[in-house]
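Residue numbers (UniProt numbering), protein chains in the order written: chain A, 1 to 296; chain B, 1 to 273.
What the hints contain is simulated information worked out from the structure, not anything from laboratory work.
Because the structure is a prediction, the values reported are computed rather than measured.
We put the beta carbon where it would ideally sit given N, CA and C, even for glycine.
Check before you lean on any hint, since a few could be wrong.
Unchecked claim - Take a look, some chain B residues computed to stay more than 12 Å from chain A by CB distance:
hint: 1; residue: 54
hint: 2; residue: 61
hint: 3; residue: 62
hint: 4; residue: 119
hint: 5; residue: 162
hint: 6; residue: 170
hint: 7; residue: 186
hint: 8; residue: 193
hint: 9; residue: 211
hint: 10; residue: 216
hint: 11; residue: 217
hint: 12; residue: 221
hint: 13; residue: 222
hint: 14; residue: 232
hint: 15; residue: 234
hint: 16; residue: 259
What the hints assert, rightly or not - Footprint (simulated), chain B over chain A, 3 or more residues, beta carbon under 8 Å:
hint: 17; stretch: 34–42
hint: 18; stretch: 112–120
hint: 19; stretch: 194–207
As the list claims (entries may be wrong) - Over the 12 Å line for every Cβ pair with chain B, so calculated as not near, a few chain A residues:
hint: 20; residue: 8
hint: 21; residue: 9
hint: 22; residue: 13
hint: 23; residue: 159
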Amino acid sequence: MRLSLGQREALWAYVFLAIPLAFFLYFRIFPTFQALGLSLYEWHADPGARKFVGLEHYERLLEDPLFRRALTNTFLYTLLGVPSQLFLGLAIALLLQRVKVARDFFRAVYFAPYVTPAVAVAWVWSWMLSPHFGLVNEILTLVGLPPQPFLQSPTQALPTVTWVVVWQNLGFQVVLFLAGLESIPRQYYEAARIDGGEGWRLFRHITWPLLNPVLVFSVVIATIGYLQLFTQVVNLNFTDQGGPLNSTLTLALYIYQLAFLRFQLGYAAAVTVVLFALIFLITLVQLRVFTRKVEL
Amino acid sequence: MRAQRRLGDLLALLLLGLGSGVMVLPFLWMILTSLKPFPELFTLRFLPQEPTLENYRQVLWGTGFPRWFLNSLLVATVTTASVLFFDSLAGYTLARLRFPGRNVFFVLILSTLMVPTEMLVIPWYVMSAEKGWINTYFGLLFPGLMSAFGIFLMRQFFETLPQDLFDAARIDGLSEFGVFWRVGLPLVRPALAALGIFTFLGNWNAFLWPLIVVQTPQMRTLPVGIALFSGEAGTAWNLIMAASSLAILPVLVVFFFFQRQIIEGVVLTGLKG
Chain A
1 MRLSLGQREA
11 LWAYVFLAIP
21 LAFFLYFRIF
31 PTFQALGLSL
41 YEWHADPGAR
51 KFVGLEHYER
61 LLEDPLFRRA
71 LTNTFLYTLL
81 GVPSQLFLGL
91 AIALLLQRVK
101 VARDFFRAVY
111 FAPYVTPAVA
121 VAWVWSWMLS
131 PHFGLVNEIL
141 TLVGLPPQPF
151 LQSPTQALPT
161 VTWVVVWQNL
171 GFQVVLFLAG
181 LESIPRQYYE
191 AARIDGGEGW
201 RLFRHITWPL
211 LNPVLVFSVV
221 IATIGYLQLF
231 TQVVNLNFTD
241 QGGPLNSTLT
251 LALYIYQLAF
261 LRFQLGYAAA
271 VTVVLFALIF
281 LITLVQLRVF
291 TRKVEL
Chain B
1 MRAQRRLGDL
11 LALLLLGLGS
21 GVMVLPFLWM
31 ILTSLKPFPE
41 LFTLRFLPQE
51 PTLENYRQVL
61 WGTGFPRWFL
71 NSLLVATVTT
81 ASVLFFDSLA
91 GYTLARLRFP
101 GRNVFFVLIL
111 STLMVPTEML
121 VIPWYVMSAE
131 KGWINTYFGL
141 LFPGLMSAFG
151 IFLMRQFFET
161 LPQDLFDAAR
171 IDGLSEFGVF
181 WRVGLPLVRP
191 ALAALGIFTF
201 LGNWNAFLWP
211 LIVVQTPQMR
221 TLPVGIALFS
231 GEAGTAWNLI
241 MAASSLAILP
251 VLVVFFFFQR
261 QIIEGVVLTG
271 LKG
């Protein structure tokens, strides 16, 4: 039997896609449904002994103070981290655009933390912020300010962790904004200047609207990142993960603790479903709210 | 007017310099601390009085550090090679070949981007326990062997190429795989480089899944090794900073050599994606 050219092309396409498709079905799609399934069962290592509990885990979530804490904290991290990261990122990108010397050097310096392992970075900051003999407190004392407990204080720990994450992600944000700024045609600014526009008005009417696609992308990516905060939280306070007094506990850390320290895999799966729903919803809403097309 | 502009430029430079200080200081403090003997940690001097490499010696010879480093290198290399090959092949197929079900397959793969890793690690763990993948290299590797984002990215790039190139190659008698390998791939090299860098970094720095699947010290990857070692080291910050330096400095050196490519890669993947 001879195959037509089109049939031959289709056949090759299936050959090329076979392994990738098998991978995504088996390691991504199947586990997603399995997580949904597991959330309806009381976990047991022996599959035959797993008891069906229906929506019981989800009901339990409503009354679980630790879950509520983790959820609130996760929102706090996002509400604090995303705007800080975007604001600082944009400010630095605008400054970088203005200077003519050493731009590549500055860009590299700001970007460097982004490529370094978050685990090691968290330990470095944990030493920097140590209440006794930490460099930050030494500097505070030097300039006459009282030393702070930072990660040891239930009120300061969450903003402190957020700062470390912002510090590490800042360069990524700067580079994105810089690329966005550079893609805005010079002529727009020149034309506006001839019409008497300057400074803030140029920013407000040209830079800001034309930066919108980069902004939307950044908000969505950053939000998804903060909703999944784990590595920094664990390593910044390793001996009391999520502490002090659960003030830094996140959903991702709570999932880890439930599943792999207490072996309540079914209940943990229910929390992952909530996290999934959250990320899904927030992404949809943000795309809706922020995507205002700019026509040129 | 001109003077005012100059003053503004100077102020911008000053602010940027100050900011750079905040970015660099932790790394500097890390290196300085790593060169101090233990008692000097508490003397409030910025520079080490009697600098020593003893901390590095202890980390390199007294822990599993070399092994963790090699484990991470192996995991990151294999996953990167796999992602580069399969993601570009799948991206090419979805962009350039016509066949029934093309859009369904694409949406199917893309939809997995919405699922957070936290949701997958529990089923992955259950699966690994059943199949005996716990504490094995395959167990460490399998989640990273392909990436939906990479397929999406490569598809975007393959779509921009002119069809004539591929038609000409077929007329010249190249096989379907030859068209992809010899004509398509060389034209998307910048995208491949960017994807490669990102995949490598992502797997090199990964923490959550390795923490779950690894059970013995010999199988630890670098991040897991650093975290557990530092957890045990207590207040021996000089040792912890030596270990952190050993994890961070190689990455920084590579970064400063390839910073232009790496940063352009971010822009390429970030804005196309």
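Cross-check of the supplied hints:
1. Taking the minimum C-beta to C-beta distance to chain A, about 18 Å, the non-interface status of residue 54(B) holds against the 12 Å cut.
2. Residue-level check passed: residue 61(B) sits 19 Å from the nearest beta carbon of chain A, beyond 12 Å.
3. Consistency note on residue 62(B): stated as away from chain A, and its beta-carbon is indeed over 12 Å from all of that chain's, at 18 Å minimum.
4. In this structure residue 119(B) is not separated from chain A by more than 12 Å, as the shortest Cβ-Cβ distance comes to only about 4 Å.
5. The beta carbon of residue 162(B) sits about 18 Å from the closest Cβ of chain A, which is more than 12 Å, so the claim that it is off the interface holds.
6. A beta-carbon of chain A is positioned within 12 Å of the beta-carbon of residue 170(B); the least distance is around 9 Å.
7. Chain A leaves residue 186(B) outside its interface by the beta-carbon criterion, the shortest separation being 18 Å against a cut-off of 12 Å.
8. For residue 193(B), the shortest C-beta to C-beta distance to chain A comes to about 15 Å, beyond the 12 Å cut-off, and the non-interface label holds.
9. Chain A draws residue 211(B) into its interface by the beta-carbon criterion, the shortest separation being 8 Å against a cut-off of 12 Å.
10. For residue 216(B), the condition that its CB be more than 12 Å from all CB atoms of chain A holds, with the nearest at approximately 16 Å.
11. Chain A leaves residue 217(B) outside its interface by the beta-carbon criterion, the shortest separation being 16 Å against a cut-off of 12 Å.
12. Non-interface status of residue 221(B) relative to chain A is broken: a Cβ of that chain comes within 12 Å, the nearest being about 10 Å off.
13. Its beta-carbon lying about 7 Å from the closest one in chain A, residue 222(B) breaks the requirement of being farther than 12 Å from that chain.
14. The claim that residue 232(B) lies off the interface is violated: its Cβ sits roughly 10 Å from the closest Cβ of chain A, which falls inside the 12 Å cut-off.
15. Its beta-carbon lying about 9 Å from the closest one in chain A, residue 234(B) breaks the requirement of being farther than 12 Å from that chain.
16. The Cβ of residue 259(B) does not lie farther than 12 Å from every Cβ of chain A; its closest approach is about 5 Å, which violates its non-interface assignment.
17. Residues of the stretch 34–42 of chain A lying with their CB closer than 8 Å to a CB of chain B number 3, which satisfies the three-residue condition for coverage.
18. For the stretch 112–120 of chain A, the assignment as covered by chain B holds, since 8 residues bring a beta-carbon within under 8 Å of that chain's beta-carbons and 3 suffice.
19. Figure legend: the stretch 194–207 of chain A, annotated as covered by chain B; annotation inconsistent (0 residues with Cβ-Cβ distances under 8 Å, at least 3 required).
20. With a least CB separation of 8 Å from chain B, residue 8(A) falls inside the 12 Å interface cut-off, contrary to its annotation.
21. Against chain B, the non-interface label of residue 9(A) is violated: not every CB pair exceeds 12 Å, the least being about 5 Å.
22. Listed as outside the interface, residue 13(A) is inconsistent with that label: its C-beta sits roughly 4 Å from the nearest C-beta of chain B, within the 12 Å cut-off.
23. No Cβ of chain B approaches the Cβ of residue 159(A) within 12 Å, the least distance being about 16 Å, so the stated non-interface status holds.
In terms of the numbered hints stated before, the structure departs from hints 4, 6, 9, 12, 13, 14, 15, 16, 19, 20, 21 and 22, listed from lowest to highest.
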